[in-house]
Amino acid sequence: MVFTAPGPETAPTVSSTASTAASTAATRRAPQLPWFSRSGYFIMGSSPMVSMYANGFAPGIRYDVESGFAFRRGNLRLMFGANPKLMQYFGRKRPAGGLDGVVTASWRAVYVRAGAGVMANLPSGPRGAELARVLPAVGGVAGIGVQTMRDHVGGRMGVDYDFRVDTTGTRIQTVMFTLQLWFG
0 MVFTAPGPET APTVSSTAST AASTAATRRA PQLPWFSRSG YFIMGSSPMV SMYANGFAPG
60 IRYDVESGFA FRRGNLRLMF GANPKLMQYF GRKRPAGGLD GVVTASWRAV YVRAGAGVMA
120 NLPSGPRGAE LARVLPAVGG VAGIGVQTMR DHVGGRMGVD YDFRVDTTGT RIQTVMFTLQ
180 LWFG
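Start counting the sequence shown at 0; every next residue gets the next number (numbering that gives the first Met the number 0).
Derived by calculation from the structure, the hints in this document are not laboratory data.
Just to be clear, a hint being listed does not mean it is correct.
Said to hold, decoys possible - If you anchor each label on the Cβ, the simulated ranges turn out as follows: (1) 149 with 85: 26 to 32 Å; (2) 167 with 115: 19 to 25 Å; (3) 109 with 83: 22 to 28 Å; (4) 109 with 53: 21 to 27 Å; (5) 149 with 93: 34 to 40 Å; (6) 141 with 166: 18 to 24 Å; (7) 66 with 31: 27 to 33 Å.
Unchecked claim - Below 20 Å or equal to it, Euclidean Cα-Cα: the simulated SDA-like pairs (lysine to any residue) are: (8) 92 with 139; (9) 92 with 120; (10) 92 with 58; (11) 92 with 59; (12) 92 with 131; (13) 92 with 66; (14) 92 with 130; (15) 92 with 56; (16) 92 with 45; (17) 92 with 133; (18) 92 with 62.
Every residue gets a Cβ at the ideal spot worked out from N, C-alpha and C, and that includes glycine.
Please build the complete structure, drawing on both the sequences and the hints.
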């Protein structure tokens with residue numbers, strides 16, 4: 000700051016170079032970081048499962064992959080992705096398959112997930128002709144579990160509940176114990 004000496008007719012003033020320097024310093028702020036850091040992710044896994052019907056149950060195994068985008072801030076991670084899957088029922092040669100859109104929120108070691116989508120070739124019952132008869136179905140999945148991560152590689156273990164309704168109105172409820180490996 001530069002001051003002029005006060006004389007009998009002048010008052011103290013600040014020079015224009017000082018005000019220009021102050022405005023230039025105000026425009027040179029530190030760059031702001033994004034609110035969330037963004038990345039992609041990939042998950043693969045298998046899950047022992049059991050589909051429950053009104054007149055029995057059908058055991059099997061589910062193989063799935065998931066890929067999408069992850070947003071992270073501190074200990075919170077939000078993941079949005081597509082989850083294609085194959086479900087092989089024991090005692091049946093044809094697998095069922097489908098695709099869900101999935102949202103996963105995790106806080107440190109705990110995660111919660113939900114999704115909605117379609118499935119094809121789901122059996123309409125637990126045995127015999129019902130196990131061979133297949134129909135398309137719509138519905139969703141909800142799950143909770145624990146996870147660990149080290150340098151962009153992690154593991155996940157949890158329980159998923161899958162609820163579908165086929166074209167005849169039959170409700171198909173499936174419970175899965177999920178084991179997954181994920182990258183991202």
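Each hint, compared with the structure:
no. : hint                     : result
1   : 149 with 85: 26 to 32 Å  : holds, 29 Å
2   : 167 with 115: 19 to 25 Å : holds, 20 Å
3   : 109 with 83: 22 to 28 Å  : holds, 25 Å
4   : 109 with 53: 21 to 27 Å  : violated, 33 Å
5   : 149 with 93: 34 to 40 Å  : holds, 39 Å
6   : 141 with 166: 18 to 24 Å : holds, 22 Å
7   : 66 with 31: 27 to 33 Å   : holds, 30 Å
8   : 92 with 139              : violated, 24 Å
9   : 92 with 120              : holds, 11 Å
10  : 92 with 58               : holds, 13 Å
11  : 92 with 59               : holds, 11 Å
12  : 92 with 131              : holds, 9 Å
13  : 92 with 66               : violated, 27 Å
14  : 92 with 130              : holds, 10 Å
15  : 92 with 56               : holds, 17 Å
16  : 92 with 45               : holds, 18 Å
17  : 92 with 133              : holds, 12 Å
18  : 92 with 62               : holds, 15 Å
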